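Student: The primary structure of each chain is shown beneath.
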Amino acid sequence: MSLYEEIGGEAAVNAAVDIFYRKVLADDRIKHFFDGVDMARQASKQKAFLTLAFGGPNNYSGADMRRGHAHLVAKGLNDSHFDAVMENLGATLTELNVPGNLIAQAAAIAESTRNDVLGK
Amino acid sequence: MPKVTLGGQSHECGDRTVLDTLTAQGVTIPSSCRAGICQTCLMRATKGKVPAQAQQGLKPTQIEQNYFMACACHPEEDLEVALAEDSLPKLPAVVTRITLLNADILGIQLKPMQAFSYRAGQFIKLYKDDAIVRCYSLASVPGLDDELALHIRKVPGGMMTSWLFDHLKVGDQLTISEASGECFYTAGQPAQNLLLIGTGSGLAPLYGIVRDALRSAHTGEIHLYHGSYDAAGLYLVNELRRLAARHANFHYEPCLSADVAAEDYRLGMVLDVALQDHPKLNGWKIFLCGNPDMVNAAKQETFFAGASLREIYADPF
Chain L
1 MSLYEEIGGE AAVNAAVDIF YRKVLADDRI KHFFDGVDMA RQASKQKAFL TLAFGGPNNY
61 SGADMRRGHA HLVAKGLNDS HFDAVMENLG ATLTELNVPG NLIAQAAAIA ESTRNDVLGK
Chain H
1001 MPKVTLGGQS HECGDRTVLD TLTAQGVTIP SSCRAGICQT CLMRATKGKV PAQAQQGLKP
1061 TQIEQNYFMA CACHPEEDLE VALAEDSLPK LPAVVTRITL LNADILGIQL KPMQAFSYRA
1121 GQFIKLYKDD AIVRCYSLAS VPGLDDELAL HIRKVPGGMM TSWLFDHLKV GDQLTISEAS
1181 GECFYTAGQP AQNLLLIGTG SGLAPLYGIV RDALRSAHTG EIHLYHGSYD AAGLYLVNEL
1241 RRLAARHANF HYEPCLSADV AAEDYRLGMV LDVALQDHPK LNGWKIFLCG NPDMVNAAKQ
1301 ETFFAGASLR EIYADPF
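Protein chains in written order, with our numbering: chain L, 1 to 120; chain H, 1001 to 1317.
Just so you know, the hints here were simulated from the structure itself, not pulled from any lab data.
In this text, all values refer to a predicted model and were calculated from it rather than measured experimentally.
Any given hint might turn out to be false.
What the hints assert, rightly or not - With a straight-line cut-off of 30 angstroms between C-alpha atoms, the simulated DSS-like cross-links for lysine-lysine are: (1) Lys1280/H x Lys23/L; (2) Lys1090/H x Lys1049/H; (3) Lys1059/H x Lys1049/H; (4) Lys1280/H x Lys45/L; (5) Lys1059/H x Lys31/L; (6) Lys1059/H x Lys1090/H; (7) Lys23/L x Lys1059/H; (8) Lys1059/H x Lys45/L; (9) Lys1111/H x Lys1090/H; (10) Lys1003/H x Lys1090/H; (11) Lys1125/H x Lys1059/H; (12) Lys1125/H x Lys1154/H; (13) Lys45/L x Lys1049/H; (14) Lys1003/H x Lys1047/H; (15) Lys1125/H x Lys1047/H; (16) Lys1125/H x Lys1090/H; (17) Lys75/L x Lys23/L; (18) Lys31/L x Lys1280/H; (19) Lys1125/H x Lys1169/H.
With the hints as extra help, turn the sequences into a complete structure.
Tutor: Quick look at the structure:
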């Protein structure tokens, strides 16, 4: 069984997206990056990110990820902000009672996007 | 082999998705994840049945209108499709009634001159001419109201509203578009609680949605908050109070933000009053219409109060 199936597939993504996005928007360390963005459009991006982290179907492209975050890097997006997002991801999965070994796998996938997101 | 038709051009899909088929023909469709998730490549089928796979994760209001994700759509039959934001067909309509709802808001009733289907809460475009077009929400309910109703707020110096307020007469013929938008009531969860918050003429779609829900025998609580600076800015107050008196599950709260003592009104900003009354919104469906600042703040605040993003419907204007 794939990680995506073990975590619970699309239903798990749907359950996670509200919890995750609520944590991100409430997080004083990173919430200013979301000022003025359209919440519905942003939520579908969060959903794509969670699907990726859960090992689900995606067409991940490092180049897209770099382009999509370049304007935030220009505003000062750095490792501390990426760490905050990783923390929110872990807390979301813990809240959903996902077993620790699966959380570690999801975190490793998310971690693999760090350099592209931060334009390194 | 199923074909997909866009703008009169038909293309064989083979085993490709609608997105790949159209892209191969040089049509530019915005796309991102190409995995049926991000909804960037949203399109709408105007003819033919879309496979369920292509609608996974969409809102019920989008599914009902045959929206689908082009990247996840392997057609099983011929489809006619349109880009999600493509212009809506136009039709003529006759003005049958004009009333002033308050000093700044005009109520206009229209009778479409050809078959017209819509959902309460959707909007139409109104054309003064080819250059001047505005969107207005429908306040009427199919099956309850014979004609379409609009609530139009006067915009000082506005080309459309100056014309409507000063020159429109009963019997005039106007050009409108078919209805669009996803801010409407869907049956299927009759016990769900509904929270509706509006300012000014943002009441229009909410007035339709509330009456549509009641007509559909909705059993959950329905709370409508309508905000204005002072009582002169509200309208349909008596109609809504009578509606609340007739339906035990419908609650109407007119809210005034001016610092005055006014009997029978709630005092404060409409969003604050609504959230004081309902701090926990888990499982609720939310409709927000009116002033963009209020609507954007309300999206975030109702989300923080527990409403799921998929359950928040908003129309800023």
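Student: So which of those numbered hints doesn't the model satisfy?
Tutor: none
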